[in-house]
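With the sequences and hints as input, model every part of the structure.
At the far end of the sequence shown sits residue 210, using UniProt numbering, and the numbering has no gaps.
By construction, these hints were calculated from the structure, which means they are not laboratory data.
Where is the CB? At the ideal position from N, CA and C, for every residue including glycine.
Just so you know, not all the hints are guaranteed correct.
[Unchecked claim] BS3-like cross-link-like pairs, simulated, lysine-lysine; straight-line CA separation at most 30 Å:
hint: 1; residue 1: 120; residue 2: 11
hint: 2; residue 1: 41; residue 2: 120
hint: 3; residue 1: 11; residue 2: 91
hint: 4; residue 1: 176; residue 2: 91
[Claimed, not checked] Label-pair distances were calculated between CB atoms; the ranges are:
hint: 5; residue 1: 121; residue 2: 196; range: 42 to 50 Å
hint: 6; residue 1: 152; residue 2: 98; range: 28 to 36 Å
hint: 7; residue 1: 138; residue 2: 176; range: 47 to 55 Å
hint: 8; residue 1: 87; residue 2: 126; range: 44 to 52 Å
hint: 9; residue 1: 46; residue 2: 160; range: 14 to 22 Å
hint: 10; residue 1: 53; residue 2: 181; range: 41 to 49 Å
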Amino acid sequence: ETRYRYNPDVKSLPAIVPAVIPLLLMMIPSMLSALSVVREKELGSIINLYVTPTTRSEFLLGKQLPYIALGMLNFFLLCGLSVFVFGVPHKGSFLTLTLAALLYIIIATGMGLLISTFMKNQIAAIFGTAIITLIPATQFSGMIDPVASLEGPGRWIGEVYPTSHFLTIARGTFSKALDLTDLWQLFIPLLIAIPLVMGLSILLLKKQEG
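And the structure:
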């Protein structure tokens, strides 16, 4: 008789709920941070950036920090809903999941800032951010099909996209009782992505507006 070590009853919620958390934490914070910059472009108030000693990195960081805090609040609410409303127990290290969520939200808000450098109005920012973040997060992150089963460009996107790594951490801590000693390698891509995304945001804002 075949027995499953994880989710032995083959229920859908223990598999789906931990996967929805990364999806929402990518879409909402990135969209809000993108809108915060594009709104200033529409109003013309972004010109203040060039008449004050504030650097572009300070400007973007000031836009990012409130949405990092809001994203973490959303993370705790989503975890609470997962456990107390949907009945999906968290078996592993919550500290490990929280640390990964913080890094992931920094990346998500950074991606929103990066996308905002290409957008001129809020409608375009909403649709652009939704498309750019949701398609890779749903199609190539392992949410539906394992990344290992993908081929071609889809496999490459799945290997580098931050959602793939955070999704594995979320499922590992929720369903497999894993902690940092088991998952530390998945933190490396997240740590690498942060300076890359923020660096590109600063560089492109400078090229476009400077």
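Going through the hints against the structure:
{"no.": "1", "hint": "120 to 11", "verdict": "violated (45 Å)"}
{"no.": "2", "hint": "41 to 120", "verdict": "holds (7 Å)"}
{"no.": "3", "hint": "11 to 91", "verdict": "holds (16 Å)"}
{"no.": "4", "hint": "176 to 91", "verdict": "holds (7 Å)"}
{"no.": "5", "hint": "121 to 196: 42 to 50 Å", "verdict": "violated (27 Å)"}
{"no.": "6", "hint": "152 to 98: 28 to 36 Å", "verdict": "holds (35 Å)"}
{"no.": "7", "hint": "138 to 176: 47 to 55 Å", "verdict": "violated (22 Å)"}
{"no.": "8", "hint": "87 to 126: 44 to 52 Å", "verdict": "violated (33 Å)"}
{"no.": "9", "hint": "46 to 160: 14 to 22 Å", "verdict": "violated (31 Å)"}
{"no.": "10", "hint": "53 to 181: 41 to 49 Å", "verdict": "holds (45 Å)"}
Violated hints, listed in ascending order, are 1, 5, 7, 8, 9; each of the other numbered hints is respected by the structure.
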